[in-house]
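K.L.:
Going line by line, the protein sequences match chains A and B.
Residues 8 to 390, numbered by my numbering, are exactly what the first sequence covers, in order.
Residues 8 to 390, numbered by my numbering, are exactly what the second sequence covers, in order.
Please note: incorrect hints may appear among the correct ones.
Which copy is meant is left open, so a pair is good if it fits within one copy or across any two.
What the hints assert, rightly or not - Using 20 Å as the maximum straight-line C-alpha spacing, the simulated EDC-like pairs for lysine to aspartate or glutamate come out as follows:
#1 Lys-267 / Asp-292
#2 Lys-267 / Glu-289
#3 Lys-267 / Asp-253
#4 Lys-276 / Asp-110
#5 Lys-88 / Asp-41
#6 Lys-368 / Asp-74
#7 Lys-184 / Glu-123
Everything labelled a hint here was simulated from the structure, so no lab data went into it.
These numbers were taken from a predicted model, which means no experiment stands behind them.
Below, each chain spelled out in residue letters.
There are 2 protein chains.
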Amino acid sequence: MVLHETEAMPPSGVKPVATLWIRDRRTLLELALDPEVGFGEAYSAGRIELDGDLVQALDVVYQAMLDAHIDFNWYQRLKSKWMGWIQANTLNGSRHNIHRHYDLGNDFYKLWLDRELAYTCAYFPSPSATLEEAQLAKMDYICRKLRLQPGETVVEAGCGWGALALHMARHYGVGVKAFNISREQIRYATQRAAESGLSGQVEFIEDDYRNIRGKFDVFVSVGMLEHVGAANYAEFGNVIHRAVGDSGRGLLHFIGRTQKGDFSRWIRKRIFPGAYAPTLREVMDVLEPQNYSVLDIENLRLHYGKTLEHWLCRFEKAHDQVVAGYDSWFERAWRLYLAGSIAGFRTGYLQLFQITFAGCKCAPVSWTRAPLYAQETAAHELL
Amino acid sequence: MVLHETEAMPPSGVKPVATLWIRDRRTLLELALDPEVGFGEAYSAGRIELDGDLVQALDVVYQAMLDAHIDFNWYQRLKSKWMGWIQANTLNGSRHNIHRHYDLGNDFYKLWLDRELAYTCAYFPSPSATLEEAQLAKMDYICRKLRLQPGETVVEAGCGWGALALHMARHYGVGVKAFNISREQIRYATQRAAESGLSGQVEFIEDDYRNIRGKFDVFVSVGMLEHVGAANYAEFGNVIHRAVGDSGRGLLHFIGRTQKGDFSRWIRKRIFPGAYAPTLREVMDVLEPQNYSVLDIENLRLHYGKTLEHWLCRFEKAHDQVVAGYDSWFERAWRLYLAGSIAGFRTGYLQLFQITFAGCKCAPVSWTRAPLYAQETAAHELL
Numbered sequence: 008m009v010l011h012e013t014e015a016m017p018p019s020g021v022k023p024v025a026t027l028w029i030r031d032r033r034t035l036l037e038l039a040l041d042p043e044v045g046f047g048e049a050y051s052a053g054r055i056e057l058d059g060d061l062v063q064a065l066d067v068v069y070q071a072m073l074d075a076h077i078d079f080n081w082y083q084r085l086k087s088k089w090m091g092w093i094q095a096n097t098l099n100g101s102r103h104n105i106h107r108h109y110d111l112g113n114d115f116y117k118l119w120l121d122r123e124l125a126y127t128c129a130y131f132p133s134p135s136a137t138l139e140e141a142q143l144a145k146m147d148y149i150c151r152k153l154r155l156q157p158g159e160t161v162v163e164a165g166c167g168w169g170a171l172a173l174h175m176a177r178h179y180g181v182g183v184k185a186f187n188i189s190r191e192q193i194r195y196a197t198q199r200a201a202e203s204g205l206s207g208q209v210e211f212i213e214d215d216y217r218n219i220r221g222k223f224d225v226f227v228s229v230g231m232l233e234h235v236g237a238a239n240y241a242e243f244g245n246v247i248h249r250a251v252g253d254s255g256r257g258l259l260h261f262i263g264r265t266q267k268g269d270f271s272r273w274i275r276k277r278i279f280p281g282a283y284a285p286t287l288r289e290v291m292d293v294l295e296p297q298n299y300s301v302l303d304i305e306n307l308r309l310h311y312g313k314t315l316e317h318w319l320c321r322f323e324k325a326h327d328q329v330v331a332g333y334d335s336w337f338e339r340a341w342r343l344y345l346a347g348s349i350a351g352f353r354t355g356y357l358q359l360f361q362i363t364f365a366g367c368k369c370a371p372v373s374w375t376r377a378p379l380y381a382q383e384t385a386a387h388e389l390l
Numbered sequence: 008m009v010l011h012e013t014e015a016m017p018p019s020g021v022k023p024v025a026t027l028w029i030r031d032r033r034t035l036l037e038l039a040l041d042p043e044v045g046f047g048e049a050y051s052a053g054r055i056e057l058d059g060d061l062v063q064a065l066d067v068v069y070q071a072m073l074d075a076h077i078d079f080n081w082y083q084r085l086k087s088k089w090m091g092w093i094q095a096n097t098l099n100g101s102r103h104n105i106h107r108h109y110d111l112g113n114d115f116y117k118l119w120l121d122r123e124l125a126y127t128c129a130y131f132p133s134p135s136a137t138l139e140e141a142q143l144a145k146m147d148y149i150c151r152k153l154r155l156q157p158g159e160t161v162v163e164a165g166c167g168w169g170a171l172a173l174h175m176a177r178h179y180g181v182g183v184k185a186f187n188i189s190r191e192q193i194r195y196a197t198q199r200a201a202e203s204g205l206s207g208q209v210e211f212i213e214d215d216y217r218n219i220r221g222k223f224d225v226f227v228s229v230g231m232l233e234h235v236g237a238a239n240y241a242e243f244g245n246v247i248h249r250a251v252g253d254s255g256r257g258l259l260h261f262i263g264r265t266q267k268g269d270f271s272r273w274i275r276k277r278i279f280p281g282a283y284a285p286t287l288r289e290v291m292d293v294l295e296p297q298n299y300s301v302l303d304i305e306n307l308r309l310h311y312g313k314t315l316e317h318w319l320c321r322f323e324k325a326h327d328q329v330v331a332g333y334d335s336w337f338e339r340a341w342r343l344y345l346a347g348s349i350a351g352f353r354t355g356y357l358q359l360f361q362i363t364f365a366g367c368k369c370a371p372v373s374w375t376r377a378p379l380y381a382q383e384t385a386a387h388e389l390l
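Sequences and hints are given; from them, build the entire structure.
P.N.:
What follows is the structure, given as C-alpha cells:
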C-alpha cells in the first residue's frame, strides 16, 4: 500500500510519501472494518511497517480526512459512544483515566520532555527557539496574559509536574494552590517545591478540580480541560466561579477542534482515556453561564506542532531506553501518538486555544495587548 | 427620584450620582410597566430630566442590571419577540432597517464622527490618542491582523462610508469590493474613491451581503454582524465560504454579549431596528459549520467606551445644529443612545469582539502576534 499526496495509484513522477507494509490478512481486515483503531493497533504491534517518514505520511492522512470531511460511520459512532461511557470522567473515572497516562513513571517523561517537565504546548517566540526556551516562554507568556501581581493568589487545576505553579511563585510573587489527581506528578512537584524553598508559597494538592475550595484572585488551567469532558463543562464553570467569583480572572489552555467530534478512539483506548477536545462553541458552556467575559483567545496550533516535533525527536533518540523500560509495543504506540499529534496540529485537524477571561467585576487588566510583546525581540521571525 | 451607587434611599454621606425629575404621573406609570422603553421614550420627549452626569447615572443602572442578573419578564419577552419578528432581517427588512439608521443624512454624522467617518469602535494605542488617530489605528490594526499583501482581493460586508476599504487599497495595495445597502453611504464612498483616484481598485456596491458573488482572498466585516441577526448566521457563514473558501481568511468585528439576550428594545425601536449582539457561542454558528479555524479573538470593549465618549463629546458640542436639523426629541434620543452605549461598554454589559479566522487550507498567516505590536510605541500606557 502506497501513501502519497494525490491519488490512490501513484502516477509516474509522483514520489510516494511513504510505503506501508501490511504483514497479514487479519490486519487488512481490521483496517477495512475500523481504519483508525485498526491502524493504531496494527502499527503498535508491528503488523504494519512504514517505509518513509511517519509524520509526513500521517500529514497526508489528516489532510485527506479534512478534505473529505470524513465522519465516523454508525458502527464507529456506537463504539465511540460506548467508549465515552466506560471512560466517563466521574470522580473515580477521572482518577483512573489520569492514572493510566500520567503515572507511567516520571523517569519515562524525563526521557523526552524539557528540563521543567512541561507536558503542554510550548510558546516559541521564534521557530528556532529551543524546547527549554519555549517552555519557559510559554509559562511567562501565561503569567503576562494574566498580569499576575505580587501577593495575589492563584488556583491551578491540573498542574502536571508543577512547573507553571513554581514559575508563577518564583517570578511573580504569587501564592499558588495547585490541584492534580496524578499521584506521581504531585509527589514530584511537592519535592521540587521543597527543594526550591517555595513550599510556603506553593501548595500541591492531590485532589480533583471539582474539590477545589477557597477564594482566589486568578484561575489557571493548562492542558487539563481535555480531561474534563463536555458533560462536565457547566460544573467546571461553577468550580471556577466558586474559586474566583465575579472579580476574578483566569486562563484556559487546551486542545480544541474547529468542528465538534469525538477524540480519536485509538488515542482514547491506548493513550488518553476519557479525552475530549471541544470547539470554542462548546467551551463557552464553561464561561457563558458564569457571565465571564472573554478578553483574548489565541490559537497556538503551530506551536504545538513544533513542541511535538521536539518531543518526538527526543523520544526517538531514547528508543532503546523506552523499549528496555516498557516494551516494543509501548514504544511504537507512543511514537504513533506523538507523530499523529504533530500531523493533527500541523494540518489544523487539532487546534490549541488559550482563552483569557475575566469576571464582570474584575478591574480591567490591560488597555492593549502590546505590553505582552514588549519583551519579545524586535526581529520577529515570520513563517 | 435619586440614582446613586448602593441603595434606594441615600444614606447620609453618599453623594447621589444624579437626580431624575419625572414630569408627570403617566411617565411614572410607563416606567413601572416597561422601565427600559418607558425611560427611553420619556427621556427623549423631555418628560424625564436629569440633574447630573447622564453617563454616570447609566453606568449605575447597567451595573445594577449586571449585579441583579435582571432579565426581561414575560410581557417584555413577548414584546421583544414581536419586535424581532416585525424587524426581521430579510432582504427587504434589512434594507428598511439600515435605511432608518444610516440614511439619516451624511451631514448629521459629519457633526460628531471623525474625519474618515468611521462609525465603529476605534483602537486607541494609548488612551490619550485622539479619535482621528484611533480610527486610523483601528483600520491599520485590522489590515495587520489580516496580513494583507499587495495584489490580494478583499470583500467587505457592510462598509459604512468606505474608510476601511479605501485605507486597505491605499496602504496595502489590495483590490476591494465593498457591499452596503445604505444608499447614502455608498454614494458618499463612491465619490471618495473617485476623488482619491482609487476607483480602479475599490468598488462600492449597493447590495446586500447575501448577494456577494465572486472569489476573494480575504473577507472582512466591521460593525455589520449586529445587523445580520442570529437567524441568519448559518447563511452568513455560507456567504463567507462562497467568497473566500477554504484557503481564505477573514475578520469579524462586532458588538457582543457575555450572555445570550435580546438587544435593548428601546434601541431597536428608535435607533437600530433589527439589531442583535451575539455571544461568542452564538457567533460560532457562522464559523464552525464552515470548518473555519479561529486564530485570534480580542475584546476591545474599553476601546468602544472611549470611542463613544469622543462621539458624545462632539455630539453635545453640535447640540444646536442637531436640534436645528432634526428636533429636540431626536437630539435627546441620540444623546441617550450614545450615553447608554458608553455605560454598556464600560460596565461590560456590552463587549466588542474582533475575530480573525482562516480556512483549513489557508497558509499560516503569522508565527506569533508580536509583529502586530512592533509598530506601537514601547512606552505602553496601562490603565
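K.L.:
The structure should be examined with respect to each hint, and the outcome stated for every one.
P.N.:
Against the structure, the hints come out as follows:
For a Cα distance limit of 20 Å, the shortest separation of Lys-267 from Asp-292 qualifies both inside one copy, at 14 Å, and across copies, at 12 Å. When the C-alpha separation of Lys-267 and Glu-289 is checked against a cutoff of 20 Å, the pair qualifies both within a copy, at 8 Å, and between copies, at 15 Å. Within a single copy, Lys-267 and Asp-253 get their C-alpha atoms only as close as 29 Å, which misses the 20 Å cut-off; across copies the closest is 18 Å, which meets it. In this homomeric assembly, Lys-276 and Asp-110 come within 20 Å of each other (Cα to Cα) only inside a single copy, at 16 Å, whereas the closest approach across copies is 61 Å.
Taking the shortest alpha-carbon separations for Lys-88 and Asp-41, only the intra-copy value of 15 Å comes in at or below 20 Å, while the best inter-copy value is 48 Å. For the homomeric pair Lys-368 and Asp-74, the shortest alpha-carbon distance between copies (9 Å) is at most 20 Å, but the shortest distance inside one copy (44 Å) is not. Taking the shortest alpha-carbon separations for Lys-184 and Glu-123, only the intra-copy value of 19 Å comes in at or below 20 Å, while the best inter-copy value is 51 Å.
Consistency with the previously given hints is maintained throughout, with no hint failing.
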